[in-house]
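Asker: This is what each chain is made of:
2 protein chains.
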Amino acid sequence: MPTHFNGSRAEMRTLDTFIKLTRCTNSLFSRLTERNTLGDITPSQFAVLEALYHLGSMTQGEVGAKVLKSGSNMTTVIDNLERDSLVRRERDAKDRRVIHVHLTEAGTGKVEAILPGHIAALVDEFSVLSASEQQSLAGLCKKLGKGKSSK
Amino acid sequence: MPTHFNGSRAEMRTLDTFIKLTRCTNSLFSRLTERNTLGDITPSQFAVLEALYHLGSMTQGEVGAKVLKSGSNMTTVIDNLERDSLVRRERDAKDRRVIHVHLTEAGTGKVEAILPGHIAALVDEFSVLSASEQQSLAGLCKKLGKGKSSK
DNA sequence: CGGTAATATTTCGACATCGAACTATACGAT
DNA sequence: ATCGTATAGTTCGATGTCGAAATATTACCG
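Order-wise, the sequence lines are chains A and B. The first sequence begins at 1 in our numbering and counts up one residue at a time. The second sequence begins at 1 in our numbering and counts up one residue at a time.
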């Protein structure tokens, strides 16, 4: 459209794809936020709770690896979850550098209260794509997400 | 039960697609950040500068609409850009509620210094996808991003 | 053993981000 | 003109996010 950019065909195609990908995830997340399926917790907090719910108790660092966030960020998010009694920290007895994070009963209940509506919202949002379109999108994302791993 | 089975299949497919989409953009952005093509400015700041560069001076609210961010966020980001003399605020003479945001010479220079490398990085990242795969991805993202317009 | 490296987490400062409440200004209907 | 509402931006408080430096602890190695 009114892009004053005068680049090669490959550049324009890439920029177009990049813009659409970015806007797609932006507006998807913004619509999901509007549905308010998470109630009074934040997306980051839900990501941590969900990881613990599906994968079991983990080291704080492992949680960060699962949700793709930095260690210092994990400290902050888990601080808030602990303050709200949704998780519990437990220092490892053998290796005292390590902290294990566990869901509390309240935390488990929170995930189970949220999950069905959250999944229903996702299914509804993705219903604009057919099954094969979703699989196609997943495949392309997987490829792009992995990157040129064989550098 | 067939109903439950189909529902679960749809849910699993959607969840899989959602996870891959999320991880794709996450790791793509993280790799782009690692390349450090933006130098000493943040991605948000670059988004604002780039919008002003390609579309010309705009109202602060218009900038927020372009980069899909809230008004209060625009105040913050533009504050920092103004502090670094990359943009200039100018209150409208007729409607004194409005603030026009302009690129300074330093701002223009900054964009022009960054843009080529930034685009090259994008092209390189997207080179794991063929031209038709990129177009396919762009189309799927456009559809998913638009959502059920009936809303 | 003892000293250095590696690892896990926290702290700190800077920036981003939002929504709600607030200020200032403009506009529309009566 | 005036009142009420709508609009543009700012302020505020909370959260998220990062990287660098600090802390604590363990592991390695000569």
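By construction, these hints were calculated from the structure, which means they are not laboratory data. Just so it is clear, CB atoms sit at the ideal spot from N, CA and C, and this is done for glycine as well. Check each hint, because a few of them may be wrong.
Said to hold, decoys possible - No more than 27 Å apart at the CA atoms, straight line, and that leaves these computed lysine-lysine pairs for DSSO-like: (1) A:K20 with B:K69; (2) A:K20 with A:K94; (3) A:K143 with B:K94; (4) B:K20 with A:K143; (5) A:K20 with B:K146; (6) B:K142 with A:K143; (7) A:K142 with B:K94; (8) B:K148 with A:K142; (9) A:K69 with B:K148; (10) A:K146 with B:K143; (11) B:K146 with B:K69; (12) B:K148 with A:K94; (13) B:K20 with A:K146; (14) B:K94 with B:K20; (15) B:K94 with A:K20; (16) A:K142 with B:K142.
As the list claims (entries may be wrong) - Here are some, though not all, of the chain A residues that point toward chain B, as calculated from beta-carbon distances under 8 Å: (17) K20; (18) R35; (19) L38; (20) E133.
Stated by the list, open to error - Stretch-level coverage of chain B by chain A, calculated; a stretch enters the list once three of its residues show a Cβ under 8 Å from a Cβ in chain A: (21) 42 to 50; (22) 88 to 95; (23) 98 to 108; (24) 114 to 123; (25) 128 to 137.
Asker: Against this structure, judge whether each hint is valid.
Answerer: So, going through the hints one by one against the coordinates:
no., hint, result
1, A:K20 with B:K69, "holds, 16 Å"
2, A:K20 with A:K94, "violated, 49 Å"
3, A:K143 with B:K94, "violated, 52 Å"
4, B:K20 with A:K143, "holds, 9 Å"
5, A:K20 with B:K146, "holds, 10 Å"
6, B:K142 with A:K143, "holds, 19 Å"
7, A:K142 with B:K94, "violated, 52 Å"
8, B:K148 with A:K142, "holds, 25 Å"
9, A:K69 with B:K148, "violated, 31 Å"
10, A:K146 with B:K143, "holds, 23 Å"
11, B:K146 with B:K69, "holds, 17 Å"
12, B:K148 with A:K94, "violated, 53 Å"
13, B:K20 with A:K146, "holds, 10 Å"
14, B:K94 with B:K20, "violated, 49 Å"
15, B:K94 with A:K20, "violated, 37 Å"
16, A:K142 with B:K142, "holds, 18 Å"
17, K20, "holds, 4 Å"
18, R35, "violated, 11 Å"
19, L38, "violated, 14 Å"
20, E133, "holds, 6 Å"
21, 42 to 50, "violated (count 0)"
22, 88 to 95, "violated (count 0)"
23, 98 to 108, "violated (count 0)"
24, 114 to 123, "holds (count 3)"
25, 128 to 137, "holds (count 8)"
The structure fails hints 2, 3, 7, 9, 12, 14, 15, 18, 19, 21, 22, 23 (numbered hints given earlier, in ascending order).
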